[in-house]
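Enquirer: If you want the building blocks of each chain, they are given just below.
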Amino acid sequence: MLKKDFTILNKMGLHARPAALFVKKANTFQSEIWVEKDDENVNGKSIMALMMLAAGYNDSITLQVEGADEAKAMEELGAIINAGFNEL
Amino acid sequence: MPPPVKDKQPPPLTVGEFYKRHGEFLQLSLQGRELGFTIPIGEPSINRPGLALAGFLDYFALFRIQVIGNSEHHYLEQLPEPVRLERFRLFCRQRPPCIVVARDRQLPDHLLAVANTEGIPVFTTGMISMKFINAATIRLEWDYAKYVTLHGCMVDILGMGVMLMGPSGIGKSETMLNLLDRGGQFVADDSVVLKCPDGKRLFGTQKPEGRFHMEIRGVGIINVFALFGSRCILAEKQLELIIDLLPPDKLNELDRLGDEILEREVLGVKIPLKQLAVTAGRDTARMVEVAALNQRLRSTGYETAVEFNKTLLEKTRMNDSHNTDYHI
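Top line first, the protein sequences correspond to chains A and B.
Taking the working numbering, the leading residue of the first sequence gets 1, the next gets one more, and so forth.
Taking the working numbering, the leading residue of the second sequence gets 89, the next gets one more, and so forth.
One or more of the hints may lead you astray.
[Unchecked claim] Capping the alpha-carbon separation at 30 Å, the derived lysine-lysine pairs in BS3-like fashion look like this:
(1) A:Lys37 <-> B:Lys94
(2) A:Lys25 <-> A:Lys72
(3) A:Lys3 <-> B:Lys288
[What the hints assert, rightly or not] Calculated from the model, a selection of chain A residues having no Cβ within reach of chain B, i.e. all distances over 12 Å:
(4) Ile8
(5) Leu9
(6) Asn10
(7) Lys11
(8) Leu21
(9) Asn41
(10) Met52
(11) Asn58
(12) Ser60
(13) Gln64
(14) Asp69
(15) Glu75
(16) Gly78
(17) Gly84
(18) Glu87
[Unchecked claim] Facing chain B, according to a computed beta carbon distance under 10 Å, are these residues of chain A, among others:
(19) Asn27
(20) Glu36
(21) Asp39
(22) Glu66
(23) Ala68
If you're looking for bench data, these hints aren't it; they were derived computationally from the structure.
We put the CB at the ideal spot given by N, CA and C, even for glycine.
Work out the full structure: start from the sequences and follow the hints.
Expert: As structure tokens, this is what we get:
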């Protein structure tokens, strides 16, 4: 199980397009993926759940992955978040 | 293992929020100045300040809404004016969030002035104190209920609130779509907020941000209300059954008789649980529907598997005088 904190770097935050980008990538992994903000944990493979998290610019989120491909999942999903979901 | 789900407590309601949300139902109108509306109501409860007005201020429930009912009103009236003023001032200096006067009575001007000077808003209600206390307490318990957000969908099937849970991509949303066609009502998709106002029952609802929305892979995000109409929507429903949708390889681990009592505990409440395997060729929505119907039957006291077995035992005459209440 891997856990890591990230900051939302893009101005519009985790809105529809970034959520779709993240979720598409998340679904390619076998591992369970959880995204947490303010004590609320949601399934990282679900676009609705991610959007309802309402994570905005500068918000802090925690990514938790667990499964056979967790290392790869953490690396690739972390990269997407740190690249501001390609919106920087 | 999913991360532990944390119970959350909503922040306390401010006096202004309480007035806005429940003012109409509780027949409240503001008497005097509009102030103190940002003060939080610390406890979801109503207090009758008889003892405090009589001068006993120990253990005063200062975080609660204070109600001036019949006895409080007459007690104050029969006090000599200087004493009345002093007692009321001491009571207000405890800084309760607000005062509600029952039976459409108004606080006399000199007492209203004391309350407002201490920053306490005063309301009147047409209700008698007993009814106001009951109604307001129920509403406050609801607003202050601890809650938790779980991943899954919730649907009302023939009056029973059912939650579908399971791994991503197993088909929870698609199954729900099918159930809507058969008369089910959409409560929530993907994130269900469950709250427990009374320690015994759970009520599910969707987060306001996601209201009416659902994701169907390949189709995208749809608005259930816009597509299917108000007949298919339910804002909130009591949760009575959880169904775990499992992948096909779990088919052989399922309960065959239906008499295993599986439960899942959420916010301290145990909810019956059924497990179904999703496989090609099986109508998942139909199975979910039948599971809900069976649960409804079970709650009337009829246990299908037990009854069936009783009949079987009678037929095979294993049922002699010693075994009349044989259970599986």
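Enquirer: Run the structure past the numbered hints and jot down the numbers of the failing ones, going up.
Expert: Checked against the structure, the hints that fail are numbers 3, 9, 10, 13 and 23, while the rest are satisfied.
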